[in-house]
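Q: Sequence:
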Amino acid sequence: MKEEEWTIGQSKLCYGLDRNDLHFLDITKEGELCIRIGKETITFSEIIRNVKADAGDSIGYTSSFTLRLPQLIISQVKKLKTAFASAIKQLNYKGQFSAVYPVKVNQRRDFVLPVLAADSEYGLEVGTKSELVLVTKVIQNEKHRRIVCNGAKDPEYLDMIQKCIDNGYTMSISVESLYEARLIVERFNPKMTDLVLRLKPYLTLEGHWSHSTGRDSKFGMSIHDVFDVIDLFKETGFLTCVSTILGHAGSQIIDVASFRGFAQFMTRVFLELRDRGLSSLDAIDFGGGLPIDYTSAHRSDLMELYAISLIQGIKDVLSESGRQDVVPNLLIESGRGLTALGSLILVRALELRSVFPPRREYESKAMESAERQWLGRIEKSSSVEELTSLWNEFHKEFTKISNTLRGIFENEMLVGVLEAAVREKLKKHGLNQLKLNSGSRSFWYPEHIVIGNFSVFNSVGDYVLVHQHFPIVPIRDLHVRPETTVRLVDITCDSDGEISQFHRKATEVPLFTRDNRPLTLPKEGMEEGIPVGVLEN
1 MKEEEWTIGQ
11 SKLCYGLDRN
21 DLHFLDITKE
31 GELCIRIGKE
41 TITFSEIIRN
51 VKADAGDSIG
61 YTSSFTLRLP
71 QLIISQVKKL
81 KTAFASAIKQ
91 LNYKGQFSAV
101 YPVKVNQRRD
111 FVLPVLAADS
121 EYGLEVGTKS
131 ELVLVTKVIQ
141 NEKHRRIVCN
151 GAKDPEYLDM
161 IQKCIDNGYT
171 MSISVESLYE
181 ARLIVERFNP
191 KMTDLVLRLK
201 PYLTLEGHWS
211 HSTGRDSKFG
221 MSIHDVFDVI
231 DLFKETGFLT
241 CVSTILGHAG
251 SQIIDVASFR
261 GFAQFMTRVF
271 LELRDRGLSS
281 LDAIDFGGGL
291 PIDYTSAHRS
301 DLMELYAISL
311 IQGIKDVLSE
321 SGRQDVVPNL
331 LIESGRGLTA
341 LGSLILVRAL
351 ELRSVFPPRR
361 EYESKAMESA
371 ERQWLGRIEK
381 SSSVEELTSL
391 WNEFHKEFTK
401 ISNTLRGIFE
411 NEMLVGVLEA
421 AVREKLKKHG
431 LNQLKLNSGS
441 RSFWYPEHIV
451 IGNFSVFNSV
461 GDYVLVHQHF
471 PIVPIRDLHV
481 RPETTVRLVD
491 ITCDSDGEIS
501 QFHRKATEVP
511 LFTRDNRPLT
521 LPKEGMEEGI
531 PVGVLEN
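Letter by letter, the sequence shown follows residues 1 to 537 of our numbering.
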């Protein structure tokens, strides 16, 4: 393929489009980013024009906005149900599957209602009194839907739950401490109460919030509390109220196969608790953890693998223990895995800024001579190691503070020229032997900054707070080889108001921008710089 040739397929590869969890994003032959849902297609340029035509004259209009896609939430719910139905059939499992949506993930009506619309039996999970008030209003005409009440419970919270029971709602109360258990036995009728024992899972799965599990988790009962609560329930007649045990493995568990070990742990606990007298125990709530593939770099069947891993883990323990007398039902609390696709943020680029000055004639003959000498050394370099050494050397020499503004200008201009020369040479040498962080400054750190009309904290707070990656895609010029990469910064005064990480996919032969910055790598990884087709567009 000639250097100047570029295909839309290569753009899809670079940005992770039309596959996995970005399956609904595609590129037209004109290079426009579009949404494809079923047989319907619309470009983002059309969406922007429509929004501006409808609301452009209103006081609340802003050139950047959030686009809601409830169709994708409905699709995810149905996909989840299908995945578990298929796994249950494939593994000949006798238990039943059900799910609840944790409203803390997103409490907006345009997120909660699509979940409920997708399945007439889908339940809800709440963790606070305000969330309980919200969901009881939403399902006041569908009181058969299960509400699982998690979170720390004070007397007022429990009194609200009792009122919901009295009003006909289907309520399950999680027990997370001995203190809560005592409050429950004081207030509730054991014949009218459904309890969930929330346990600390004494194992850790690899995921974005895996620190929220194990011995030190803030959630669930420690092992000594479990025995004390069981003793209390025996004494007070509440033992048969416990229908479910709950364990939360964390969130964004990309190693989905590890759920098998989690299911094995929870199933052993399930069987032991039944042997200790919890005869009504018939379900395991596996909490959340179902990941969203933000990088489009993982298997396309994550949801199916998730379902199979959980069920296979249960079956492993039932088989090894010889226990076929009781088969636990499954309950899960997926949140982000269902609703993350339901919103996109469109950010208008307000301004383009350059880090280095444009190439001009030097006033200083010494700097002109230095450029020739350094370019000659770079051209003669014969290895990646030598280039790396040169890179570090000229950065050390020419980033010293000059006494004059003109001196700073010419230093910066020279550094920009030399960086470009090194990148061109690196491309010729190949990237397989390159240590990505071996330079004193990243070889491909973007030289251009795009100012976007948005706030990172308001729009993508998880990026700053918990370092959650989010994909970024330009809406046009996707049919041409990207010109370069940029940093996207917001209009606020926050130093963290920037979102510039881009996931480079793995390809045997790396793809490059027109200014020799890699779009893919021999080994996938996160690098600074969002590819853009035409810089001035």
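It should be emphasised that the hints constitute simulated quantities derived from the structure, not laboratory data. It is possible that some hints are incorrect.
[Claimed, not checked] The following label-pair restraints were derived from C-beta to C-beta distances:
no. : residue 1 : residue 2 : range
1   : Tyr202    : Asn453    : 30 to 38 Å
2   : His467    : Arg19     : 22 to 30 Å
3   : Asp275    : Asp494    : 48 to 56 Å
[As the list claims (entries may be wrong)] In silico BS3-like pairs for lysine-lysine, Cα to Cα no more than 25 Å straight-line:
no. : residue 1 : residue 2
4   : Lys425    : Lys396
5   : Lys104    : Lys52
6   : Lys79     : Lys89
Think of the CB as a built atom: it goes at the ideal place given N, C-alpha and C, for glycine as much as any other residue.
Q: For each hint, tell me whether it holds in the structure or not.
A: We went through each hint and held it up to the structure:
Taking 30 to 38 Å as the suggested C-beta distance range, the pair tyrosine 202 and asparagine 453 does not conform, at roughly 48 Å. In this structure the supplied range 22 to 30 Å holds for histidine 467 paired with arginine 19, their Cβ-Cβ distance being about 24 Å. Our hint of 48 to 56 Å for aspartate 275 and aspartate 494 holds, since their Cβ atoms are close to 55 Å apart. Distance restraint check for lysine 425 and lysine 396: the Cα-Cα separation of roughly 20 Å lies within the 25 Å cut-off, and the hinted pair is therefore satisfied.
Between the alpha carbons of lysine 104 and lysine 52 the distance comes to roughly 32 Å, so the proposed pair goes past 25 Å and is violated. Of the pairs offered as hints, the one joining lysine 79 and lysine 89 holds, with about 15 Å between alpha carbons and a cut-off of 25 Å not exceeded.
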